[in-house]
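K.L.:
Protein chains in written order, with the working numbering: chain C, 6 to 138; chain G, 6 to 138; chain U, 6 to 138; chain S, 6 to 138.
No lab work stands behind these hints: they were computed from the structure.
Honestly, I wouldn't trust all of these hints.
Where chains are identical, the list cannot tell them apart; a pair therefore holds if satisfied intra-copy or between any two copies.
In silico lysine-lysine, DSSO-like type, Cα no more than 30 angstroms apart, as pairs [stated by the list, open to error]:
id	residue 1	residue 2
1	LYS32	LYS108
2	LYS88	LYS27
3	LYS88	LYS120
4	LYS17	LYS27
5	LYS120	LYS27
6	LYS17	LYS32
7	LYS108	LYS120
8	LYS32	LYS88
9	LYS88	LYS108
10	LYS108	LYS27
11	LYS108	LYS17
None of the values given here were measured: they were computed from a predicted structure.
Number of protein chains: 4
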Amino acid sequence: MEIRNTQILMEKDALARHLGIKLLEIKPGYAMGAMEVRPELLNGVGVTHGGAIFGLADVVFAAASNSHGPVALALSVNIQFLKTTELGAVLTATAREENLTRKTGLYRMEVRDQKGEVIALAEGLVYRRSGSQ
Amino acid sequence: MEIRNTQILMEKDALARHLGIKLLEIKPGYAMGAMEVRPELLNGVGVTHGGAIFGLADVVFAAASNSHGPVALALSVNIQFLKTTELGAVLTATAREENLTRKTGLYRMEVRDQKGEVIALAEGLVYRRSGSQ
Amino acid sequence: MEIRNTQILMEKDALARHLGIKLLEIKPGYAMGAMEVRPELLNGVGVTHGGAIFGLADVVFAAASNSHGPVALALSVNIQFLKTTELGAVLTATAREENLTRKTGLYRMEVRDQKGEVIALAEGLVYRRSGSQ
Amino acid sequence: MEIRNTQILMEKDALARHLGIKLLEIKPGYAMGAMEVRPELLNGVGVTHGGAIFGLADVVFAAASNSHGPVALALSVNIQFLKTTELGAVLTATAREENLTRKTGLYRMEVRDQKGEVIALAEGLVYRRSGSQ
């Protein structure tokens, strides 16, 4: 039931649609999504924009952190860029819960290219509103 | 001359255009830009998407870190979300150089709303390719 | 009164004493401290240990974040190391409040050497327990 | 041979000794260490000091990142504190290489208590000096 609410919440995510991000799976404390690198996702030197990679990581982060009920508020994200990718690349991202308390949640995101190589790693912290469980 | 090269580089930034980001100023070690929160930049709960805010911060980060010559490669960014904003908000972001060595550069980004309130803070680290000066 | 409570709290900080950290000033949302780099604070290559620099930043962070009442709990810290220092260096650190909500606080730490050069920058986030104000 | 050099480097780590940190294993891209929480490692509220936990994570980070030859320079560390521990706790920390390029290395640190529960997670980035391989 809560997962269904999370799906409804995520379907309303306009930026995800604008970037071509597809959310493929949501389970308690976990989410997975994908994004194809289209021309509008490139930066000035012609590789995938850091903002697009962050966007993908942020969407699975939001889905995973709201999977227990839709009330998580992102406080901070730390992202590490490991490898550049190019036009046509298909990126997948996962978010996994590393810690959950009554008030906070910590999530680990991995972004991979179509060869399965990790291209970015991120860590995201949320504050969970009272009554969020 | 280098600033002009940086401007040319940034004009090719497709994601910046896709998100409606305008780069308003580039100086050595500094950049400033703006973005209006249009419907496609919202998340599922109807506030400005973290990915859009990061995108704006990332664009001024790229401009500032490439202002000495276009060769900086983002290694990591840490972003703190302080305040939500809504449809129609006009966000401005600055990037300022905090440290520059032969091989690395550190930048501080501030994102503000139209009232001048800070809504996000970020810190970005780049690797500078050899010959980059 | 709250500042006095914070001072009492910080005087009990055993690690600060063990590292030779002196807390020199506490005001609401602000703290300043200093540490001399003694032999026991060096790393294997003979420069000031990252752990000692973090320790100094962490002590002023704790003082500033507890300056409104002693109940802040550190969630995360992001530290950037900019410059090495050596035996005999005198390091000073400040923590300034960047954001304060009912439930969270964000602090910026700067560590400088005796010449006033910034050697490390950090950002720390706390969770504030209910009733903490 | 390089591991032996790394061991010699780490044996000279004065802060590790001052905090009671024991380095138990170094392999290429990996290190493990332990620390008992003695009275001098506590903070003002009587739990293990964030600076001590960071110190332990930083020592295994240094060992792992120098395991390919002693030339890695820490650029940044992001640490998340998940759980408090108390006097007498025995903490263990591991550092694992997540990415290695000619110029940078990324490491993941996990700190656990004697029950095996994760109490802190950290991510550390190093710059590798030329000729470091």
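K.L.:
Flag every earlier hint the structure violates by its number, smallest first.
P.N.:
When the structure is compared with the hints, none of them turns out to be violated.
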